[in-house]
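Student: Full structure from sequences and hints, please.
So the protein lines, in turn, are chains G and V.
Okay, so the first sequence: first residue is 1 according to our numbering, each after it adds one.
Okay, so the second sequence: first residue is 1 according to our numbering, each after it adds one.
One or more hints might be untrue.
As the list claims (entries may be wrong) - Which chain V residues stay away from chain G? Per the calculated CB distances, all over 10 Å, these:
# : residue
1 : Met1
2 : Leu2
3 : Ala3
4 : Ala17
5 : Leu18
6 : Thr20
7 : Leu21
8 : Ser22
As the list claims (entries may be wrong) - Stretch by stretch, here's where chain V covers chain G in the computed footprint (C-beta under 8 Å, at least three residues):
#  : segment
9  : 19-27
10 : 75-86
11 : 135-142
12 : 154-160
None of these hints come from the bench; they were simulated from the model.
Where is the CB? At the ideal position from N, CA and C, for every residue including glycine.
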Amino acid sequence: MTSWIGLDHLQGTLVWLACTILLFAASTALNWRLRKTPLINPTLVTIAAIAAILICTGVPYKTYFKDVAILHYLLGTAVVALALPLYRNIRRLQDHCIRIGAALFAGSVASILVGLSVAILAHASASTVLSLAPKSATTAVSLEISRLIGGVPALTAALTILTGIIGAVVGPTCSIFCAFGNPRRAVWRWALPAMASRPRARLLRVKWPAALPDSEWCSTPSSRRCSSHRSSAWLDTGEARTPSSER
Amino acid sequence: MLAQFGLLMIFQFLGEALVTLSGVPFPGPLCGMALLLSYLFWRGGPTEELAKVGTALVDNLGLLFVPAGVGIIGYAHLLAQDGLAIAAALVVSTIAGILVTGVIAVKGVSAATISERAA
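Tutor: Laid out in structure tokens, this is it:
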């Protein structure tokens with residue numbers, strides 16, 4: 001089955017499951033050391049590393065998936081569990097429900113339409129276009145939608161994570177551009193997470209550079225690294241637990 | 001702990017079953033999430049154990065995307081062919097989404113503030 005002699009014997013030993021979990025743990029640790037910069041996304045790093053290993057060793061994706069299928073099934077369970085943070089924050093949502101609803105709806109429609117138009121104008125193939133459509137949802141949801149509408153779920157998963165990273169990087173810039181120095185900018189805490197699907201939990205407590213003295217975000221042992229990642233350092237604001245935001 | 005995990009899986013199954021039986025093209029796990037949410041409202045909140053299990057799952061959500069994401073190695077030709085289109089669509093649509101969402105959210109605030117002042 002595999003072109004790499006020796007790996008055949010490892011089949012059924014769940015070696016890929018261990019490999020995936022360890023790689024994810026390592027890239028999460030790396031991400032923490034870099035103060036959770038959105039640029040080093042543990043999921044994306046793990047996917048890239050595993051993909052590289054599979055290609056180098058010639059192990060087919062099917063073999064890999066058999067080992068890690070349990071993780072894929074747990075994804076559905078985890079989506080169900082998203083009801084818990086939603087319940088915890090439902091009051092905050094209710095307080096602003098019309099505004100949040102209208103803003104999120106319009107933003108989602110705009111994002112989907114613009115994304116599709118750009119892809120079609122650039123002559124992307126049909127399956128690419130269909131895989132792009134659901135990318136602004138959270139990954140677990142966009143995967144399902146992609147499967148339903150005939151896209152490529154794997155491509156959508158990667159695109160959704162990339163969207164989250166792009167949102168985390170360009171989001172604060174957009175909002176500073178539009179509402180900087182305006183007390184109403186607190187609204188952006190609701191608006192920003194709409195599009196930035198994965199790292200958006202972090203975005204919720206965006207601290208504005210002006211309000212954040214150096215000592216505050218460079219007080220950890222990793223301060224040297226921190227200053228070299230200045231642009232992303234102030235995105236990193238710890239664990240926010242807010243409704244639409246739970247990854 | 002295990003019982004709470006089982007409870008989550010029951011809601012997952014119920015969601016999948018409901019979607020399959022009704023034939024509505026809707027993600028099953030999402031339907032399960034809605035069912036669990038209404039259950040939480042009915043019960044007046046999760047038990048501590050359920051919250052613990054749920055948090056453990058949600059906190060490691062990123063790991064659960066990996067099996068599906070690695071599937072991208074089967075679509076290298078798509079990436080090679082449409083890479084530029086994908087990159088452009090991602091960046092432009094994300095910016096558009098953020099701008100539209102933000103502008104409307106701010107508008108909502110000013111309208112609400114205005115009506116408050118008028119009242």
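Student: Find the hints from earlier in the document that the structure breaks and name them by number, from lowest to highest.
Tutor: none
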